[in-house]
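Residue-level listing of the chains:
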Amino acid sequence: MTRARTAAGRAGLQVFLVLGLGFIVLPIAIVVVNSFNASPFGLWPPPGFSTRWYGNLFHNAGFGAPTIKSLEVALVSTGGTMLIGTLAGIGIARYRFVGRSLIQGFVVAPLIVPKVAIGFAAFILFLKLDWYGEFHTIVLAHIVITLPFVVTLVVAGLARVDRTLEEAAMDLGAVPRQVIWRATLPQMRGALAVAAAFSFIISFDELDATIFIVGQTDNTLPVSMFIYMEKYQDPTLAALSTLLIGAALVLGVAVAVLLARLGGLRVLGAVGEPDAAVAPGAGPLIPSKEDIQP
Amino acid sequence: MQPEPGETDPRPRSATPAGRSASVEPGVPGLLRPLAGRRADRRRFEWRGYMLLSPGLLVTSFVFAVAMGILLSYSFREFVDGQIQAGHSTATWRDFLTSSFAWSVVGTTLKLGAVTVVFAALVGYPMALALYRLRRRTLRYLAYFLIFSPLLTSVVVRSYGWALVLGDGGLINNLLQRWGFVDRPVRMLYEFSGVTAGLVHILLPFMIFPILSSLQQLDPILEESAADLGATGWKTFRRVIFPLTVQGLIAGSQLVFALAISAFATPALLGGGRVQVLAGQIYTDVGGLDWPKAAVGSYVLLVLALAAIALFSVLLRAQTGTRRATWEYSR
Chain X
1 MTRARTAAGR AGLQVFLVLG LGFIVLPIAI VVVNSFNASP FGLWPPPGFS TRWYGNLFHN
61 AGFGAPTIKS LEVALVSTGG TMLIGTLAGI GIARYRFVGR SLIQGFVVAP LIVPKVAIGF
121 AAFILFLKLD WYGEFHTIVL AHIVITLPFV VTLVVAGLAR VDRTLEEAAM DLGAVPRQVI
181 WRATLPQMRG ALAVAAAFSF IISFDELDAT IFIVGQTDNT LPVSMFIYME KYQDPTLAAL
241 STLLIGAALV LGVAVAVLLA RLGGLRVLGA VGEPDAAVAP GAGPLIPSKE DIQP
Chain G
1 MQPEPGETDP RPRSATPAGR SASVEPGVPG LLRPLAGRRA DRRRFEWRGY MLLSPGLLVT
61 SFVFAVAMGI LLSYSFREFV DGQIQAGHST ATWRDFLTSS FAWSVVGTTL KLGAVTVVFA
121 ALVGYPMALA LYRLRRRTLR YLAYFLIFSP LLTSVVVRSY GWALVLGDGG LINNLLQRWG
181 FVDRPVRMLY EFSGVTAGLV HILLPFMIFP ILSSLQQLDP ILEESAADLG ATGWKTFRRV
241 IFPLTVQGLI AGSQLVFALA ISAFATPALL GGGRVQVLAG QIYTDVGGLD WPKAAVGSYV
301 LLVLALAAIA LFSVLLRAQT GTRRATWEYS R
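Chains X and G, in that order, are what the protein sequence lines are.
Counting along the first sequence from 1, when you hit position 216 you're at 216 in my numbering, and nothing is skipped either side.
Counting along the second sequence from 1, when you hit position 48 you're at 48 in my numbering, and nothing is skipped either side.
Rather than coming from a laboratory, the hints here were simulated on the basis of the structure.
Each residue gets a CB set at the ideal place from its N, CA and C atoms; glycine is no exception.
There may be inaccurate statements among the hints.
[What the hints assert, rightly or not] Partner residues are not named here, just some residues of chain G that face chain X (Cβ under 8 angstroms, in silico): (1) Glu46; (2) Arg48; (3) Thr60; (4) Ser149; (5) Leu171; (6) Asn174; (7) Leu176; (8) Gly180; (9) Thr232.
So that you can see chain G by itself, here it is in the shape it has in the complex (with noise of 0.2 angstroms):
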């Protein structure tokens, strides 16, 4: 399939060759060449792509990179008797990766993530899954519009649904009861359970996106073929679907594990103090003021982010050779 005329590649990297680019003749103001790949950048200094970009490149490195420099310059203090001592150590940092309950706080959130991504890809593959297969227009868009509208509405808001739901004298322990499955209420609220139910309806949407996504991407060709040759709709689904969009559920994967070990505000309500993350950790040290302990664990959370990013394009990557291989001939 040939692209359409007057369609572009939105991701500006694989754009244009670079060659393109020099061969614009000079004097045509910069703002209508072609978009440049990387290499275009090379020995330029166009002076308005500085001037446009100075005012973002301004905030940014002045409320984000000097306040992360500050920050990561407190990890390196240590707080003693109530005070922040004046000298720099790596006192803070040692008593962090010593201390046994630092490592379950690490524990827990790394676990909540884990647990996280699992079942919002239970869930949301075959959400996914459903929603491209259906067929009719209307209840397409009412399936997007339930899906992506809770973005909308603030977290504390579904946290709140959710301790409703979930509480002692909830909606499913009131049901549980009536139908006399127990005797007394499951505890579910305060607990791991249902800050893993909270975070997995917040995330759903960003685990959805990316595998919808890669089932767009699919030829329908590939389908058909594999049911010419007389393939079940499992065994299609095993041997072609599932293998062509497992990108995107790393990519969602890979989004939910990030956004769920950084979340703050789940935890903290529906866990009530009981399930204790990273996130939570630093904003109760920074209420005890003990800064240069909620800098080590605003690093280490950091870090585990970048790490969790990281490993996961690893795993991308090793599938995109798959991949690219039908992207071609899908084009």
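Bound-form chain X, shown alone (with noise of 0.2 angstroms):
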């Protein structure tokens, strides 16, 4: 009786689970459908199908450059990004100063600040410096806001790195640098990795700060992509969105796959970190190597 009963409450669980998967499926897997919807408005059930959006989104739309753009700004500002973090989680993790952990809060400070508010702050000094639309801008942006994704994964990385190796690196008469390189960082790739990984799509998704600080006619994706499904809902933006999902779904599988090689969930260690800085006492948000790997 009570077993039967518990049996129930695993498979209503595992009912659960399913429908819950398919409400965070449904809206992505419409997109991907309605791309290929024949109706200008969207309608459902398409009356038909075709590839016209496909071909309009390549010929007419203009998100082209804003593509480009947007691939730029990622990139610069995750290299950017992670050599500035890279060097600030050393500093943090390997030296003791005063003002250490003031100095910590400072740059992970902006994860708690909305981010319309920091992007309205750097519009008003961009347009002071009379930096505004330049392309520095956003790039800088950015980097204020991967930042303390990039400290708290390095610091993370480097609380874990096993400290023997080091030593036996010194014992054999490698110089700090050396170590530091060959020693140390390779044993928190996995950290690295998943550190610029997250900054390349956090910078190359950003909309809310973003927004403000783009010049008025060299969008970057996001914001073309929100000023077009604000005045036109026609399937040319799933058409895009498609293509975007496609390549999500490989740059997943390859974080994935990743993962999976450099030892699991586990290298993410404290992401939960800037959060639990704020709530002392709550723990790591990842999953633990133990229930991940094999």
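Please assemble the complex out of the two chains, which come individually in their own frames, going by the hints.
In structure tokens form, the structure reads like this:
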């Protein structure tokens, strides 16, 4: 009797999980189907199928330049944020000095400030500096937004580095620089790879802050998609979204494979750290290795 | 359970007792010393540490702190006759705080945050529990992938998807009409309900993450003992599992609430101007050149976010007592 009820409870949970996953997949799946919808109003069910929205996407919609710009911004800001964030992470994890935790708190502070406020503030600043609309302003803003993630991941990654390997390298005569490059960094490439992937995605998809600081014409992709969707509802956006979903899936699989090869989600260590900083006692937010690894 | 050798707590603050760092012999490069707690920072000025942090400090000070400072000063200006006036005053703050429209926007924003948290918790907790119970590794990986990969797609794409699902000629209305539940389309798009659906969808992973994490910190022995002592599955859940994972739920709610009240794109795209939230209002005010009002709105939003984070932190701390006992037990 009791066991039967427990089994029913478990089955119920699994049904709920399937429904929940359906809820998550539904709007994404419908975007893909709608990209082939012959109706220009996204009528459901589609009265017919056509690929003309893909044609429209490549010929008329004007998403080409924003795509390139977003890729450039994401690449440059990821490079910058990885460099700055790795240095900062090493400084926080391996040195001791007055004001260390204060500086760490300051660097991760943009995480809890609404992006709209960050974007609007940066907009006024750049306007005053007469930099408005320039490429590097977007890169700077994206570095500020992604830095908290990178610093946190690097600190977490450094905490899990096996110190005996560093000591062995020292004993074998390596100078500190060699120790970092040959003993420390190779051990945390998982954390670094995840940090880079994170900041690339955040930068590529950033809208809330970027919409304030892009120039009038030279939009990034999320901004031009936002503006397009405010004006039109035709499936051209679905065609573009489908391509982006495809790219995201490829990226998602790549990240998953990378994580699995580098030792499970545990390399993320304490992604929840910035949250834990405001909420002491919150554990690491990531499933532990025991559960995920074979 | 003892921690495995070579395994360190990923949280630096609790990593090493402060005393240990002092015993390290001088001359060893800071890089190779053990991780230090906060107390080890006292009276130390390792210049390499400052050097390493200076680029980050510089960028954040400049693009974030200085900019936020300028923004604050703008909130004490006034916008009259299409012009931002020269002098400083508290008039814009006063206007904002006495305007019933502004308060209704704040109200909608908070309501959106609260409703989103409730639905994300109602959907997210059972999902996390089911995921935790899932035995087959392939299925679990698939579920993880489905839950977390939407984070890789743009918020605009997902909002667009919801517009297709919820629209008057969309999927749900089509099914409702075909099955004869309603005669005319139910309005969901450009309504509060539509915005909520979109936000729950976008923020759900942030709810599932911490709950799953706290479930995985549970010692399986607890559940076994409960079963041995004759508790039913439901009773075990109510008396053992839920109380021990409620801090994951609170941490998730904290994240979801803070992100929901500052959301911009989803309310703008799925609310269609009929669901006015603070973030959208700020954008509108900037477009109307009323920077002082937008600056006040930005700081009100920031204060709301900080207050919410603090509130959930207090809730979390109230939970730590129970949690610490089990945490120490499970170590």
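Hints, verified against the model:
The closest approach between the C-beta of Glu46 (chain G) and any C-beta of chain X is roughly 4 angstroms, which is under the 8 angstroms cut-off, so the hint is satisfied. At a threshold of 8 angstroms, the smallest CB-CB gap from Arg48 (chain G) to chain X is about 6 angstroms, leaving the interface hint in force. Interface restraint check: Thr60 (chain G) against chain X, minimum CB-CB distance 5 angstroms, threshold 8 angstroms, status holds. Given hint, Ser149 (chain G) at the interface with chain X, holds; its Cβ is 4 angstroms from that chain's nearest Cβ, closer than 8 angstroms.
Annotation: interface hint on Leu171 (chain G) holds; nearest CB of chain X at approximately 5 angstroms, less than 8 angstroms. Interface restraint check for Asn174 (chain G): the shortest CB-CB distance to chain X comes to about 5 angstroms, inside 8 angstroms, so the restraint holds. Taking 8 angstroms as the C-beta cut-off, the interface hint given for Leu176 (chain G) is violated, the closest approach to chain X being about 12 angstroms. Interface restraint check: Gly180 (chain G) against chain X, minimum CB-CB distance 17 angstroms, threshold 8 angstroms, status violated.
Interface hint at Thr232 (chain G): satisfied, since its Cβ lies 5 angstroms from the closest Cβ of chain X, which is below the 8 angstroms cut-off.
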